[in-house]
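Asks: So you can see what is in the structure, the chains are spelled out below.
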Amino acid sequence: MSDGIALAAPPCITLQDAAEFIWREADLLDRHDYYPWLALWTEGGRYVIPIERDAADYAAVLNVVYDDAGMRAARVKRLISGFSMSSAPAARTIRTVSRFVVTDSGTDTVTVRAAQNLTEYKYGRTRVMAADVTYRLVRQGDGLKLDQKVVQLINSDDAQHGIGYLL
Amino acid sequence: MSQCPGDDAPPPSADSYDHLVREDRVHTSLYRDAAIFEAEMDRIFNNTWVWVAHASELPGPNTYKSAHVGRQPVLVTRDKEGKVHVLLNRCRHRAATVCENKKGKAPVFVCPYHGWSYNVDGKLRAVPRSEGYSADFDRKDYGLQSLRVEEYQGLIFATFRDDIEPLVDFLGPAKKWIDLFMKQGAGYGVKTMGQHQFRFPGNWKIQLENTTDAYHFPIVHKTFLTSLDEETEELFDVLGQGGWVEELGNGHSVMVMIPDLVDLEENLDAPIPERFQALASELAQDHDDAEVRRIVRAVGGSGFNLNLFPNLACSMAFFRVLRPVAVDETEITHIAIGMDGGPEAGNRARLRLHEHFQGPMGFGSPDDAEGWERVQRGSAAGKDLWILLNRGTETLVGHQAGNHVTDVSAEAGMRAAYQMWKRMMAV
Numbered sequence: 003m004s005d006g007i008a009l010a011a012p013p014c015i016t017l018q019d020a021a022e023f024i025w026r027e028a029d030l031l032d033r034h035d036y037y038p039w040l041a042l043w044t045e046g047g048r049y050v051i052p053i054e055r056d057a058a059d060y061a062a063v064l065n066v067v068y069d070d071a072g073m074r075a076a077r078v079k080r081l082i083s084g085f086s087m088s089s090a091p092a093a094r095t096i097r098t099v100s101r102f103v104v105t106d107s108g109t110d111t112v113t114v115r116a117a118q119n120l121t122e123y124k125y126g127r128t129r130v131m132a133a134d135v136t137y138r139l140v141r142q143g144d145g146l147k148l149d150q151k152v153v154q155l156i157n158s159d160d161a162q163h164g165i166g167y168l169l
Numbered sequence: 002m003s004q005c006p007g008d009d010a011p012p013p014s015a016d017s018y019d020h021l022v023r024e025d026r027v028h029t030s031l032y033r034d035a036a037i038f039e040a041e042m043d044r045i046f047n048n049t050w051v052w053v054a055h056a057s058e059l060p061g062p063n064t065y066k067s068a069h070v071g072r073q074p075v076l077v078t079r080d081k082e083g084k085v086h087v088l089l090n091r092c093r094h095r096a097a098t099v100c101e102n103k104k105g106k107a108p109v110f111v112c113p114y115h116g117w118s119y120n121v122d123g124k125l126r127a128v129p130r131s132e133g134y135s136a137d138f139d140r141k142d143y144g145l146q147s148l149r150v151e152e153y154q155g156l157i158f159a160t161f162r163d164d165i166e167p168l169v170d171f172l173g174p175a176k177k178w179i180d181l182f183m184k185q186g187a188g189y190g191v192k193t194m195g196q197h198q199f200r201f202p203g204n205w206k207i208q209l210e211n212t213t214d215a216y217h218f219p220i221v222h223k224t225f226l227t228s229l230d231e232e233t234e235e236l237f238d239v240l241g242q243g244g245w246v247e248e249l250g251n252g253h254s255v256m257v258m259i260p261d262l263v264d265l266e267e268n269l270d271a272p273i274p275e276r277f278q279a280l281a282s283e284l285a286q287d288h289d290d291a292e293v294r295r296i297v298r299a300v301g302g303s304g305f306n307l308n309l310f311p312n313l314a315c316s317m318a319f320f321r322v323l324r325p326v327a328v329d330e331t332e333i334t335h336i337a338i339g340m341d342g343g344p345e346a347g348n349r350a351r352l353r354l355h356e357h358f359q360g361p362m363g364f365g366s367p368d369d370a371e372g373w374e375r376v377q378r379g380s381a382a383g384k385d386l387w388i389l390l391n392r393g394t395e396t397l398v399g400h401q402a403g404n405h406v407t408d409v410s411a412e413a414g415m416r417a418a419y420q421m422w423k424r425m426m427a428v
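Protein chains in written order, with my numbering: chain A, 3 to 169; chain B, 2 to 428.
Among the clues, some could well be false.
Stated by the list, open to error - Derived, one-sided and incomplete: chain B residues facing chain A with beta-carbon distance under 10 Å:
1) E82
2) T334
3) E345
4) N348
5) L352
To be verified - Label pairs and their computed distance ranges (CB to CB):
6) E166(B) x I96(A): 51 to 61 Å
7) D289(B) x S100(A): 52 to 62 Å
8) S100(A) x A427(B): 53 to 63 Å
9) E330(B) x S100(A): 29 to 39 Å
10) R72(B) x T128(A): 18 to 28 Å
11) Y123(A) x D43(B): 29 to 39 Å
12) R162(B) x Y123(A): 43 to 53 Å
Calculated from the structure, these hints are not laboratory results. We put the CB at the ideal spot given by N, CA and C, even for glycine.
Required output: the full structure, derived from the provided sequences and hints.
Replies: If you want it as structure tokens, here you go:
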């Protein structure tokens, strides 16, 4: 290796590909379009919203969300059922995802850490929630799938409010 | 406008609140009047036993956690001898907090402002440049203010009052239910395993009522129920199993929703539920059949909510702690519990069950929080109206728990809490 900045080998999944996927996912969530969102995931994918800020093993600690495919499907069913008063109607949300950093990449995978700023509106009130979001994307067939999404809220270890939508 | 019987507005009163609480209803101002809230913080939270910690949150010498008694920030510490102290988190010099961590381990608390340092028992250890004080300055006079502390079954309570009854007398008949609740340790003892925290814009008593409100469960938690397998959904038919509400004195009450799960050491021969079959198989690798059955039954949680006035509930499988922030703002903490030293597989199962219902994105808590907020919003209308607590006033005849209990959906637990409220506010 020569002097100077060491450049990683170009990832097989480009940042542009990853960003487009992430923005499409964010758009689905803001529109509460949850069935297409379920289809974005790999079969073994995990959707995690931790409480602790440095958990080595999410399965061993309490989280806000620790969903496998079954729990994701159950969660979506609940949110669109019309019988959950915190999500019927849910708060309106608008989220921006940016500050992408590729933290790991392999032949058919890429891990991206990003910043998410979300504003929600309900009952004449707006709330802001910021989070670091880490996405692990994998190539399956012609497209990308979401294999892990970890939403670390800026105040994950402090009090939240009831949240009737998906982060 | 027609009036319901008993809906006449109460007479104005400077500092008496008796007229705002009746046997079967309380006045709307209890949710909305900031002056009443101030009086509550003084007359109730400064004058009774308030829950601050579970013993397992202080796992060794020099460990501590932050908590509140009413609105006052406190540190709960364990000293080298194992004794627990509850100290106002306020430097005696110029009032800065001496610690801002939620929990941790430290042999000393040093105020960041001028460097006064305190031992974990609250004693003032040292003052920088002490020669600047007059000769009669005695460090013994300036320890962190210390509250009276007592513990029952790992539940640690504190009070500002040296002259009220011992904790065990305050708990009274509730002790039996605490003992039953702690059987979730399956013989290992109970430990805390993390917590969900969330706030709602509403009065603290709305939350207090909810823990003894089975009536709302099938309505508000319909989406939780439909997310369960058929067997578990039947288990959570909380109004249909002959449950009951029992007053326990001092504002405490218990609401039994699943009578079969009152004593987790009984009925151990019953078939293991389908949802716990995989766990039972995993446990069977290291435990004999009797142990597997005891652990699995404990993992599923208790079948009752024990409401302890004013700020703690032992609610089925977790501790529910309320913290009044303002007349229209309350913070709730749902503390997950598990077996202290028990099998990892069992504790992980408990974590997943807790996540399923509890917390800001659980299948249950957000709908509770929304309901409580709707109560606060609705109480802006009709300031002379009353909050009804008149459901299930008749005691049940020939019930297995005795002739003093009411139906599981009765509002008897709320009535008991408000009678205690009335008693304390009359001081």
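Asks: Does each hint hold? Answer for all of them.
Replies: Status of each hint after checking the structure:
1. The interface hint given for E82(B) is broken, as the beta carbon of that residue sits about 30 Å from the closest beta carbon of chain A, more than 10 Å.
2. The interface hint given for T334(B) holds, since its Cβ lies 8 Å from the closest Cβ of chain A, which is under the 10 Å cut-off.
3. With 10 Å as the threshold, the beta carbon of E345(B) comes within range of chain A, its nearest partner Cβ sitting at about 8 Å, so the hint holds.
4. Nearest Cβ of chain A to the Cβ of N348(B): about 8 Å, under the 10 Å cut. The hint holds.
5. For L352(B), the suggested interface contact is upheld, since its CB lies about 5 Å from the closest CB of chain A, less than 10 Å.
6. Between E166(B) and I96(A) the C-beta distance comes to about 55 Å, which sits within the given range of 51 to 61 Å.
7. Against the hinted window of 52 to 62 Å, the Cβ-Cβ separation of D289(B) and S100(A) comes to about 56 Å, which satisfies the hint.
8. As the Cβ distance of S100(A) to A427(B) is approximately 58 Å, the hint placing it in 53 to 63 Å holds.
9. A beta carbon spacing of about 32 Å between E330(B) and S100(A) agrees with the range 29 to 39 Å that was offered as a hint.
10. At about 26 Å, the CB distance of R72(B) to T128(A) agrees with the hint of 18 to 28 Å.
11. The beta-carbon spacing between Y123(A) and D43(B), approximately 37 Å, falls within the hinted interval of 29 to 39 Å.
12. Here the CB-CB span from R162(B) to Y123(A) is close to 45 Å, well matched to the stated 43 to 53 Å.
Violated hints amount to a single one, hint 1; each of the other numbered hints is respected by the structure.
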